[in-house]
Amino acid sequence: MNIVELAQLRYRWKGQSKDILNIPELTIAQGEHVFLRGESGSGKTTLLNLLAGILTPTDGSIRLLEEDLHSASSSKRDRFRADHMGVIFQQFNLLPYLSMVENITLPCSFSKRRRDKAGDPQQAATQLLDHLQLDESLRSKMVTELSVGQQQRVAVARALIGQPEIIIADEPTSALDTSTRDRFIDLLFTQAEAQNSTIIFVSHDPHIASHFPRVIELSEINTAL
Amino acid sequence: MILLKLTWRSLWNRRISVLLTLISIAISVSLLLGVEYIRKEAKSSFMNTISGTDLVVGARSGQVQLLLYSVFRIGNATNNIGWDTYQHYVKHDQIAWTIPLSLGDSHKGYRVLGTNQDYFKHYRYAYQQPLSFAQGKPFEGVYDAVLGAEVAKRLGYTLGTQIILAHGANGASFSEHKNKPFSVVGILKPTGTPIDRTVHVSLEGIEAIHLDWQSGAPVPGFNISAEKAARMNLEPETITAFLAGLKNRSATFRLQREINQYKQEPLLAAVPGVALAELWQAIGQFEIVLRIITIFVLIAGLLGMLTTLLSTLNERRREMAILRAVGAYPRYIFMLFLLEALFIVVMGCLLGCALVFAGVQFAQPWVIAEYGLHLNTWIPGWSDGLMLLLVTVLAVIFSTLPALIAYRRTLQDGLTVKI
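Listed in order, the protein sequences are those of chains A and B. Using this note's numbering, the first residue of the first sequence is number 234, and each one after it goes up by one. Using this note's numbering, the first residue of the second sequence is number 3, and each one after it goes up by one.
So that you can see chain A by itself, here it is in the shape it has in the complex (with noise of 0.2 Å):
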């Protein structure tokens, strides 16, 4: 099954006179870890927030767990959003006023597909902290205590609560310096093969391509540059 069908994909800001995105083809087929490559400008954020379903396209397809969804409404897109993605930041991903778990339980809030699927969230949580290697003691601390590699950790952890089929990474490691890199990509990789999510993850460092089976350069797919 393909995770992500684009085809014919073109975007163009309001009051632009060219488009920022132009993609004739891609497709990711579900378990596949796909190192998206591109500088800043080149439409890695608005081709984000077309998969994540909060900006639509002016032309073209996208299908996602083969759904259209560039023909869905807002709300069915937030709600798709809600049940298959999970969605990490490069940086402050947690609620500081939520502790670990109910930062990571979150998403369960949301989407009772994600509820269901988690069975017992408290329980879903806790598992995944100890796969994520977030030991007991750190539980009881305030989110905003943790260093930025736990945090990240964290933000992996509420990512794949559930078992959403598509992981969106966007610059997760910027922040981390090498060995808390390596070691977060390979925490990742570990977890979502585990539950079979795709990772769609984000960068413009090229030293990380090495750790993807498959790399896609943006510049390469989009026309519009």
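Honestly, I wouldn't trust all of these hints.
Dumping the calculated DSSO-like pairs for lysine-lysine here, alpha-carbon to alpha-carbon at most 30 Å [as the list claims (entries may be wrong)]:
#1 K7(B) to K345(A)
#2 K7(B) to K374(A)
#3 K123(B) to K139(B)
Between beta-carbon pairs, the in silico distance windows are [said to hold, decoys possible]:
#4 E317(B) to G248(A): 23 to 33 Å
#5 D368(A) to I301(B): 52 to 62 Å
#6 S443(A) to E317(B): 31 to 41 Å
#7 Q241(A) to I301(B): 47 to 57 Å
#8 P257(A) to L22(B): 53 to 63 Å
#9 A44(B) to M375(A): 49 to 59 Å
#10 I301(B) to S373(A): 42 to 52 Å
#11 G248(A) to I407(B): 13 to 23 Å
Everything labelled a hint here was simulated from the structure, so no lab data went into it. Idealized CB from N, CA, C, for every residue including glycine.
Keeping the supplied structure of chain A fixed, place chain B upon it in accordance with the hints.
Leaving out everything else, chain B in the frame of chain A:
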């Protein structure tokens, strides 16, 4: 549920600025309610300056003027009424009791009221309360005086103090009744009415000090000693006004008409409640001013809340993006802000109510001791509830602005927020 939890946690996370906003709303609300309370209390206190009296009768003028000089001791009577006219009504079969009032003299700026013992027996203020003595007793002798609470307090008089009355109602009178000093035999408890600022003497006392006077000035070379005067016939020829209580209150308007049509002398009878209401209309303008001020205070409070909400927008941008990423609808973000405002304003209203209640409870004993005014315990009424509702609705309307901004931003920012 998650919405409430997130709102609460987020608020708690920013508790200091939220608390300050809440307090500023509470202060605005307590001012709003407090002013309304004071307005009502002032009105009821005013309306209860005189109580239990069915008619005030004086020479024909306006009813407001009659009320002003007879009850509030402000201004002067245009004319007096004859003693025989008064006697006619004392014996009237509809009238249960009367209190004669004779005004025109003063002591250090305080009005002197000539009356008789019936004053202490029948006069009622504020919900049928009789006059009571802090010290001493009613006057008996010609040269006895009973002081209102404020007179005694301000001038430092005690029982036995000798006082000289001055002719005319102004403090700066040059003509004093020096040869006939009065001695203080009683001091009244505070009433919160003009009685506190009145020196009470007997009608005979008033008559005695004016025996050797004519047309408002002492007759040169004509001096009657105090002792001699006291033995003379001191029945007054005129009084300024009198208060009357009826046997049957339903006869009030019939008797009022009868008095107004009295053939022997032009009289005016006023129903205190009606005249008080008319007077309040005239002086009650400050109500409007108070209201306007309060409304501005409230708007300032709400604007404060709006400012706080708007200023948190930037620091909460990340929070909103995270919520969007985990699947929150944009309208959810909108609700988050609305709920937050609702929480602040409802808590602010409750705290404001508590402040007013506590303030009134705290002030009660002091106001009673100092001014003799009984403050009613503050209990929110319909109008208060309506005002609180209005405040809440206004706050929610105000908060739609930051909510809308946050809503639009979450749509624009998408998943990637530049920090």
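How the hints compare with the structure:
1. As the CA atoms of K7(B) and K345(A) are separated by approximately 18 Å, the hinted pair is consistent with the 30 Å bound.
2. Distance restraint check for K7(B) and K374(A): the Cα-Cα separation of roughly 20 Å lies within the 30 Å cut-off, and the hinted pair is therefore satisfied.
3. For the proposed pair K123(B) and K139(B), the alpha carbon gap of about 12 Å is at most 30 Å, so the pair holds.
4. At roughly 29 Å, the beta carbons of E317(B) and G248(A) sit within the given window of 23 to 33 Å.
5. Between D368(A) and I301(B), the C-beta spacing of about 53 Å keeps the proposed range 52 to 62 Å intact.
6. Under the hint 31 to 41 Å, the C-beta atoms of S443(A) and E317(B), about 38 Å apart, fit the expected range.
7. Separated by about 55 Å at the C-beta atoms, Q241(A) and I301(B) satisfy the suggested range of 47 to 57 Å.
8. As the Cβ distance of P257(A) to L22(B) is approximately 56 Å, the hint placing it in 53 to 63 Å holds.
9. Distance hint for A44(B) and M375(A): a CB-CB separation of about 53 Å, consistent with the stated range 49 to 59 Å.
10. The supplied range of 42 to 52 Å is met by I301(B) and S373(A), whose beta-carbon atoms lie about 45 Å from each other.
11. For G248(A) paired with I407(B), a C-beta distance near 21 Å keeps the hint of 13 to 23 Å intact.
Of the numbered hints listed earlier, not one is contradicted by the structure.
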